[in-house]
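Novice: Chains F and P supply the protein sequences, listed in that same order.
Residues in the first sequence are numbered consecutively from 1, following this note's numbering.
Residues in the second sequence are numbered consecutively from 1001, following this note's numbering.
Bear in mind the hints are in silico, worked out from the structure with no lab data behind them.
C-beta atoms are modelled at their ideal positions from N, C-alpha and C, and glycine is treated no differently.
Any given hint could turn out to be false.
To be verified - Calculated cross-link-like contacts (lysine-lysine; reagent style BS3-like; alpha-carbon spacing at most 27 Å):
no., chain 1, residue 1, chain 2, residue 2
1, P, 1190, P, 1098
2, P, 1003, F, 182
3, F, 89, P, 1003
4, P, 1054, P, 1038
5, F, 90, P, 1190
6, F, 90, P, 1054
7, P, 1038, F, 115
Stated by the list, open to error - What follows is a list of derived Cβ distance ranges for each label pair:
no., chain 1, residue 1, chain 2, residue 2, range
8, P, 1012, F, 97, 40 to 50 Å
9, F, 174, P, 1071, 46 to 56 Å
10, P, 1190, F, 4, 19 to 29 Å
11, P, 1161, F, 4, 24 to 34 Å
12, F, 201, P, 1103, 54 to 64 Å
13, P, 1067, F, 201, 31 to 41 Å
14, F, 269, P, 1016, 38 to 48 Å
15, F, 94, P, 1168, 45 to 55 Å
16, P, 1096, F, 182, 39 to 49 Å
17, F, 176, P, 1137, 31 to 41 Å
18, P, 1252, F, 92, 15 to 25 Å
19, F, 4, P, 1010, 34 to 44 Å
These are the residues of each chain, in order.
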Amino acid sequence: MFVWIILIPILIQYTLTSVVPMLISFFLTFTDWNLVGTWNNVGLDNWKRLFSDRAVWDSLKVSVIYALYSVIPTVVIGLLLALAVNTRKKGTAFFKSAWFFPVITSVVVVASIWKWMFTAEADGIINQVLGLFGIEPQFFFGTRLALITVALLGIYQSVGTAMVYYYAGLKGIDTNLHEAAKVDGCTGAQVFFHITLPLLRPTMAYVLITLTSGALKVFDSVYTLYNQTGGPQNAANTLVMHVYRTGFFNMQMGYASTIAYLLFAIIMIISVIQYRITNRDVE
Amino acid sequence: MKKRILNFFFYVICILLCVIFLFPFVVMLFGSLDGETKYAVTLTSWFPTQFSLKQYQSVLSVGGRMSRWVLNSVIISVIPTITGVFLDALLGYIFAKKRFPGRQLIFWYFMAAIMVPYQATIVSNYLLYSWLGWINTYWAFLIPGMWTVLYMFMMRQNIAAIPDALLEAARIDGAGEWRTFLQIVLPVSKPGLSTVAIFSFMNNWNNFMGPLIFTTSEKMYNLVVGLSSLNQQSASFNMQMTAGVITFIPMFLVYMAFQKYFVDGITVGSVKG
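All chains should be built: construct the whole structure from the sequences, respecting the hints.
Specialist: Right under this line is the structure:
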């Protein structure tokens, strides 16, 4: 009795808010619903269009490039930060808090500060700093750098997360191994490359997969930095941004749902890989 | 000697990184306290010549739109945090300790939701919520956000570790199902619950895409969406920074108070050593 009194309302709530939307979105892919008015059954038109639509594949490409630009540096820098914290020297507890700060902050808050700091004018804060090193003022929100600027923001906001994962991984490594290696006359670098790094491999794989999955869903930062658009010449038009614009700007809800299925498929594949990795290491 | 030089470089790099990471926050804080209204900020002008709280006064004035955004943000983050802590623990307890027909099936039915990204069903959610009349109401956040599958899973792992003998002892003493849950399971799983509370609060407080799409009237925005709209209306630098500080402060306080739990929470479901 106790169990079902709780489970029945929860099952209804879950079905309504998680399963029904999935079914609706599948149904929508066969319609031309435009947010208002009536809808028609268009059969497989949306799906056919999806596979021949350059704009969709361009946006997928933007998302994948974004993931490469943002994830790889994060995986490396996060590890370096965790190693620094793991030295347990004086002050590292403070450094850890400081480096984690951007993680707890809303993307919109960070992006709205960045917009003021990265302005293209020569007296914008970042351009002034670059100027000190003799670098020409850059047009950060222009076509060429648009996506890189978003990726920089992504790195800034996720290295803290990567650091915490690695730090947890480092704490799990038996310090006796390090001691033994040092007694055997290994240098610090040898210990790192032959003991620490191989033992951190599962953590690294996990960080890589988790961050990639997050990066492919990027939306908030693009929306804020480029005022609801995909940036100049769609240079930062990510897949989710494209879904959003197709649905809520062009009012093609049916087609937007079809594109969203592409995102769903990609994330599902990544989740399966993630599940495999996590479980292999548990064994 | 070599060691001291290395140590010196270690600190130089670490401190430099701290400066890079924290500088935007400093710019934001000083921007919000600036007595002078600015529409551009440079390396020499980010530090105010005169300090003033007038931005906060004007932005937070009673009946102003931002006070309403603060209220909305509080409602759609605090309530789901409370219901979430309770339900995640309760469901975790049921799946960890109770035997009933269909247990595995229902559990995996719930777990399937983890695979579906929020962004993938945003269009159909909008359609569903407009049918239900949830657009521009709190229901669009309170009902779907009532509990979270991932945290239920985490609580299940936590509660599974409670010895059965403890629960059995309570039952022999005549405690009913609810009393066992409230007086034994809940207190024992406090650390896990703190992590759930903090992360539920953070995710809801910083939620952007949901409120962006499910609220269309300015009165119903949460702080994050409100800040983004100020952004697009080209509000002054100082006003945007003030809104930014107000959005940031609750997370800052929660982080400062519960730092330890952030580490535990972030590594939920990750590789277990």
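Novice: Tell me the numbers of any earlier hints that the structure contravenes, in ascending order.
Specialist: As far as the earlier hints go, 5, 6, 8, 12, 13, 17 and 19 are violated by this structure, in ascending order.
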